[in-house]
Amino acid sequence: MPEGGRTTRIPLVERVLEANDQVAAVNRAELERRGIFSVDLIGAPGSGKTALLESTLRALKGHRRPAVLVGDLATRRDGDRLARWCDQVVQISTGQGCHLEANQVRDALGQIDLDAVDLLFIENVGNLICPVGFDLGQAAKVGLFSLTEGDDKAAKHPYLVEAADLLLLNKIDLLPHLSFDRSSFEADVRLLNPRVPILDVSATTGQGLDAWITWLDR
Amino acid sequence: MLGVHEFSIAEALAAQVQRHAPAAGRVREVEISVGALRGLEPEALRMSWEAVTHGTAIAGSILNVDLRPWSIACSTCGRTWTSPVPFVACACGDPAPVPTAGDELNLVSLTIDEEEA
Numbered sequence: 000m001p002e003g004g005r006t007t008r009i010p011l012v013e014r015v016l017e018a019n020d021q022v023a024a025v026n027r028a029e030l031e032r033r034g035i036f037s038v039d040l041i042g043a044p045g046s047g048k049t050a051l052l053e054s055t056l057r058a059l060k061g062h063r064r065p066a067v068l069v070g071d072l073a074t075r076r077d078g079d080r081l082a083r084w085c086d087q088v089v090q091i092s093t094g095q096g097c098h099l100e101a102n103q104v105r106d107a108l109g110q111i112d113l114d115a116v117d118l119l120f121i122e123n124v125g126n127l128i129c130p131v132g133f134d135l136g137q138a139a140k141v142g143l144f145s146l147t148e149g150d151d152k153a154a155k156h157p158y159l160v161e162a163a164d165l166l167l168l169n170k171i172d173l174l175p176h177l178s179f180d181r182s183s184f185e186a187d188v189r190l191l192n193p194r195v196p197i198l199d200v201s202a203t204t205g206q207g208l209d210a211w212i213t214w215l216d217r
Numbered sequence: 000m001l002g003v004h005e006f007s008i009a010e011a012l013a014a015q016v017q018r019h020a021p022a023a024g025r026v027r028e029v030e031i032s033v034g035a036l037r038g039l040e041p042e043a044l045r046m047s048w049e050a051v052t053h054g055t056a057i058a059g060s061i062l063n064v065d066l067r068p069w070s071i072a073c074s075t076c077g078r079t080w081t082s083p084v085p086f087v088a089c090a091c092g093d094p095a096p097v098p099t100a101g102d103e104l105n106l107v108s109l110t111i112d113e114e115e116a
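First to last, the protein sequences are chains A and B.
Per numbering that gives the first Met the number 0, the very first residue in the first sequence carries number 0; after that it's consecutive.
Per numbering that gives the first Met the number 0, the very first residue in the second sequence carries number 0; after that it's consecutive.
Treat the hints as calculated values from the structure; they're not laboratory data.
Some hints could be false.
Stated by the list, open to error - Which residues of chain A face chain B? A few of them, derived with a C-beta cut under 8 Å, are:
id, residue
1, 8
2, 13
3, 129
4, 154
5, 158
6, 161
7, 191
8, 194
9, 196
10, 198
This structure is a prediction, so every number in the text was calculated from the model and none was measured.
Cβ coordinates follow ideal geometry from the N, Cα and C atoms, glycine included.
I would like the entire structure built from these sequences, with the hints used as guidance.
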């Protein structure tokens, strides 16, 4: 304490991410007003987020009017892959940022013809931790795990499991070739989140995609 | 360790603290509460805090992290307790009691050294 001064404690109770959450609320209101269902897709690098979206966009052709925002640290490769299947793709380069924030989504939405869209996919930066804590204004959070990551990934990332509205288990076609214990994975999920649906999918073979499309259409 | 997950949180917090800090006086301590669900490491938060506040008006301030632990409830024997990790066995032998935790991330208080008027 400085000589002659005094120390005061100022009580506050304010969310640290309040500024982000306010922008997210604006995004959410805008998307809801337009009747656009929005999904924040969260998964590790290499879990197959982009591959899943490629298969999904192909399956939705002529059926839904999707747009995609894709967050990546540096390259435009994911955006270029997705642009083959969807007219409205915006690549968000996050630079050093390991997750998307609501203002980046707000800015990207400004580059989309929202009148021509009824479904929005937001492919978050490959990371199972930070993206969960930053609300973007999405209607649903979808967590993507894959068999090659190991069956303990859900237990190691409880925040995503708890916060997810749906979990996808990708690369299910590899089950016979790996030591992945499907029931152990599900038991860990159920301890953290008794209700979240888990859909087994394969972005490459198309297995299970029907159930995922049905979930998007609900 | 300078945790990448903690860094963006520290950045948001530093901006928030600077907004609240009174013009006269110096921020001595910043108190936050964090639910275990967030998966944030207090030590990594403090390291990030030093880095993001370096050279700013709130440099040298101390970050106090009140980490709220997991609550564990055993459905076999009815015991409840707190734990720093979610997956723990119960002493009664139940291998999988139910873990719950909050995801709060709140700025709780600032402590200010006031300059004499």
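Going down the list of hints, with the structure as the test:
1. Satisfaction of the interface hint for residue 8 of chain A is found here, the shortest Cβ-Cβ separation to chain B being roughly 5 Å, below the 8 Å cut-off.
2. Against a cut-off of 8 Å between C-beta atoms, the interface hint on residue 13 of chain A holds, since the closest Cβ of chain B lies about 5 Å away.
3. For residue 129 of chain A, the interface hint holds, since its Cβ comes within 8 Å of a Cβ in chain B; the closest pair sits about 5 Å apart.
4. At its closest, the beta carbon of residue 154 of chain A sits 6 Å from a beta carbon of chain B; the interface hint therefore holds under the 8 Å criterion.
5. Look at residue 158 of chain A: its Cβ gets to within about 5 Å of chain B, closer than 8 Å, so that hint holds up.
6. About 6 Å separates the beta-carbon of residue 161 of chain A from the nearest beta-carbon of chain B, less than 8 Å, and the hint is met.
7. Annotation: interface hint on residue 191 of chain A holds; nearest CB of chain B at approximately 7 Å, less than 8 Å.
8. With its C-beta approaching chain B no nearer than about 13 Å, residue 194 of chain A sits outside the 8 Å limit, and its interface hint is violated.
9. Interface restraint check: residue 196 of chain A against chain B, minimum CB-CB distance 19 Å, threshold 8 Å, status violated.
10. At a threshold of 8 Å, the smallest CB-CB gap from residue 198 of chain A to chain B is about 23 Å, leaving the interface hint violated.
Of the numbered hints listed earlier, those contradicted by the structure are 8, 9 and 10.
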